[in-house]
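Just need the whole structure built from these sequences, with the hints factored in.
Which chain is which? The protein sequence lines are Y and E, in order. Residue numbering for the first sequence follows this note's numbering, beginning at 1 and increasing consecutively. Residue numbering for the second sequence follows this note's numbering, beginning at 597 and increasing consecutively.
Think of the hints as simulated: they come from the structure by calculation, not from any bench. Please read these numbers as outputs of a predicted model, since none were measured by experiment. Some hints here could point you the wrong way.
Below 27 Å or equal to it, Euclidean Cα-Cα: the simulated DSS-like pairs (lysine-lysine) are [what the hints assert, rightly or not]: (1) E:K679 - Y:K138; (2) Y:K313 - Y:K345; (3) E:K763 - Y:K214.
In silico contact screen, one side only, chain E against chain Y (beta carbon under 10 Å); selected entries [what the hints assert, rightly or not]: (4) K686; (5) E688; (6) K690; (7) N694; (8) L742; (9) Y744; (10) S745; (11) Q746; (12) Y749; (13) G750; (14) R752; (15) I761; (16) K763; (17) I764.
For every residue, glycine included, the Cβ atom is placed at its ideal position computed from N, Cα and C.
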Amino acid sequence: MDIKGILKPLTAWKRAFQPPHTIEVPNKGKREAAERYRGFHYNDIDKCIGCGTCSAICENEAIKMVKVREPQKGDSGYRPRIDYGRCCWCALCVDVCPTGSLEMTNEYVWVRESADEFIFTPGVDIIGHEEKRDKGYKKDEKLNFLHLERVPMRELDGKERTKTFAEVVLGYLEEEARREAERCIGCGLCISGCPARMHIPDYIRAIAEGDDVKSLNIIYENNPMPEMCGKVCTRRCEFECSLGHLGDPVAIRWLKRYVVEQFDDLRKYVKAEPQPLNGKKIGIVGAGPAGLTAAYYLRLKGYETEIFEAAPKAGGMTFLGIPKYRFPIPSLDKQVELIESVGVKIHYNSPVTDKKFKEMLEEYDAIFIATGLPKGMSMRIEGENHPKVTYAIDFLRRVNLGEKIRLDGEDVVIVGGGNVAIDAVRVAKRLGANSFIAYRRRVVDMPADEEEIEATEHEGIPIYTQIIPLRVEDGPEGKVKLIYGKAKMVQEKPGERPRPVLIEGKEYEYVVDRIIVAIGQQPELSYLPEDIRNKIEMNRRLIKVNERQMTSIEKIFAGGDLTNWTADAISAIADGMRAVKGIEMYLNGEISWDKK
Amino acid sequence: MEDLIKRIESIFKVLKKERGKRDNLWIIEVEKDSLHAVLSYLKDNESFKHLALVSCVDWIENNKFQLSYILWSYQKRQNLIVKIFIDRDKPEFKTVLNLFPQAEIYEREIRELYGVSFEGNPTQNEDFVLEDWEEMPPMRRDFDTLKYSQEKYGDRDSEVQKTNIRKIISDFTDEWRRK
Chain Y
1 MDIKGILKPL TAWKRAFQPP HTIEVPNKGK REAAERYRGF HYNDIDKCIG CGTCSAICEN
61 EAIKMVKVRE PQKGDSGYRP RIDYGRCCWC ALCVDVCPTG SLEMTNEYVW VRESADEFIF
121 TPGVDIIGHE EKRDKGYKKD EKLNFLHLER VPMRELDGKE RTKTFAEVVL GYLEEEARRE
181 AERCIGCGLC ISGCPARMHI PDYIRAIAEG DDVKSLNIIY ENNPMPEMCG KVCTRRCEFE
241 CSLGHLGDPV AIRWLKRYVV EQFDDLRKYV KAEPQPLNGK KIGIVGAGPA GLTAAYYLRL
301 KGYETEIFEA APKAGGMTFL GIPKYRFPIP SLDKQVELIE SVGVKIHYNS PVTDKKFKEM
361 LEEYDAIFIA TGLPKGMSMR IEGENHPKVT YAIDFLRRVN LGEKIRLDGE DVVIVGGGNV
421 AIDAVRVAKR LGANSFIAYR RRVVDMPADE EEIEATEHEG IPIYTQIIPL RVEDGPEGKV
481 KLIYGKAKMV QEKPGERPRP VLIEGKEYEY VVDRIIVAIG QQPELSYLPE DIRNKIEMNR
541 RLIKVNERQM TSIEKIFAGG DLTNWTADAI SAIADGMRAV KGIEMYLNGE ISWDKK
Chain E
597 MEDLIKRIES IFKVLKKERG KRDNLWIIEV EKDSLHAVLS YLKDNESFKH LALVSCVDWI
657 ENNKFQLSYI LWSYQKRQNL IVKIFIDRDK PEFKTVLNLF PQAEIYEREI RELYGVSFEG
717 NPTQNEDFVL EDWEEMPPMR RDFDTLKYSQ EKYGDRDSEV QKTNIRKIIS DFTDEWRRK
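Spelled out as structure tokens, the structure:
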């Protein structure tokens, strides 16, 4: 028997009572992966806008979008759901994410019994890796998957442009437009911002592909005044652009402008084929954007449309209110030409009276009123009826109708902070005045477009803020005095817009040649017969309409600035589009005033 | 390191040389037939005794595979990458086992992921990480990952359709056309 062979291995046991020769693993826990490791995804679902770009780029179709919340402006409500059987961790989804909400954690271990659990929605299905997201793979700013910088727009120099009414914005050249159009990732979130729901990604894609005619026709599907919108639109689409989260939004407005500017005569290129007349007649009061839109699309559907317009030209406020350095007459004319060419009849210089309106109620199957807000709002202060006080809208109307006005060397104060105030102050400057703005809130509170406020700066126009007008008095040498007090900004509730409150006791004055008031506008409804005017339901100073633009009076539809509080051209076009559908349904008997 | 490159250039034909992202990293390209001689020279005369990695790049547009041999000198504390190009249609090369025994596993990996075979490596045909792989080597750029995942994983999430976000937004926003 080999006693030695049996006992020898047992000697190893003496080591059991000795300290080990080895050293302990320094980090006894799980080893952490390297920085920028591509582990499981993390998605900040509040930052994510559900644009679907991650899903579109995924080569293995590992990402699907699932509904997590209700869609809203700028957010589809969908979030990416990832199948890790298909994911190859290339991280292209992270690289293209326009908001930077999608990231990867550095976690590489996750054990589950069923393979089916490896399909989940990061950020919604919590798997316990979320706190590790700072250490994993993130979008590399040097990688240029998204083109975040906008192609700059060329403009006239500030000093040069105040001398004339020449157009300030020069427009994109072909190469610039194609380059800008290529930035679009086509997610379509912009559509949720546009009141008229234009097919924005489609026409931008057509520009990028070099097909301007196709683009023009896509635009004309739901906007008969695209050059106007391309120049002066309030461009709410751009505020929803997914590229705007990390960079500049695509210049949607300038691209639309580029396309329409390529064609001198739209009639040759827009495929507008009006249906034969169906015997129904629609009367429209006011040839502004809302009236023109309704007339154009109703005529295409075969209705006979007639517009009655008080001014010598169509366009409404876009003609009478917007200064020519923003929207020149030839641009307007070519769009109206196309609208008239499909058979819309426009009666110029034909203001509607209450007698005429009664006749119209007899003659037409439906009436659409879109007469806008032609009257300036009063400041309701003492001395406001002074002859040196005018309303901005009257001032702009006179200038736009071609009246020769010179204000050389005059001091002009414009009271107000909206787009109309900015237009008035810039026009006055071009007519030779030393014009400036007095506004009761701060510059950040101004409702005017940011770009417009910037433009006043370039043109050397001062803006004085927190000024509350108190009264108007005669000044020396035929001048006029605006007596004002200073305001302090008071925030009553958190999150609410701060309110200007007069600081009592101290008064100041401007001695000027002219005061222009631009604090809002109101409708003028004296053309409505008295019984209708008394009966029609109002929403404060505007006319109340339902989702089909129906007023409370049978046969009468209304739209444009007269009914919506946003009071911009694109909302008016949207109202016109809705009225087309409403009128069509009404005349087909699908809706009626009885069961409204 | 420029001196080192000059010394190499005086002996071998260097097709391309460039500095890497840090000062002690250079990349040189040599002819594939001289690779063994270059590596052996660097190992014996220039103290590059450690082969840190062998890697491969698929240049499908040029119809080439790139093989990179990443060397490290403990003495000089320098990295040198020696790269060669081989024909993509004929993905074969000779092993460097005789110089660096650790190349055995790297070459086996490249053989599995890119399908480049190394003459003289006895274990190269054993599985590295993929078990029972029958398709084209997966790191080749013409490997269709979508087709593969369709076949292997099917539509596991079939109740969720691939969603067209554009359509969702249009449906949500086009109230008056939808109604």
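Hints versus structure:
no.	hint	result
1	E:K679 - Y:K138	violated, 30 Å
2	Y:K313 - Y:K345	holds, 13 Å
3	E:K763 - Y:K214	holds, 20 Å
4	K686	violated, 28 Å
5	E688	violated, 28 Å
6	K690	violated, 32 Å
7	N694	violated, 33 Å
8	L742	holds, 5 Å
9	Y744	holds, 8 Å
10	S745	holds, 4 Å
11	Q746	holds, 8 Å
12	Y749	holds, 4 Å
13	G750	holds, 9 Å
14	R752	holds, 6 Å
15	I761	holds, 3 Å
16	K763	holds, 8 Å
17	I764	holds, 5 Å
Checked against the numbered hints given earlier, the structure breaks hints 1, 4, 5, 6 and 7 and satisfies all the rest.
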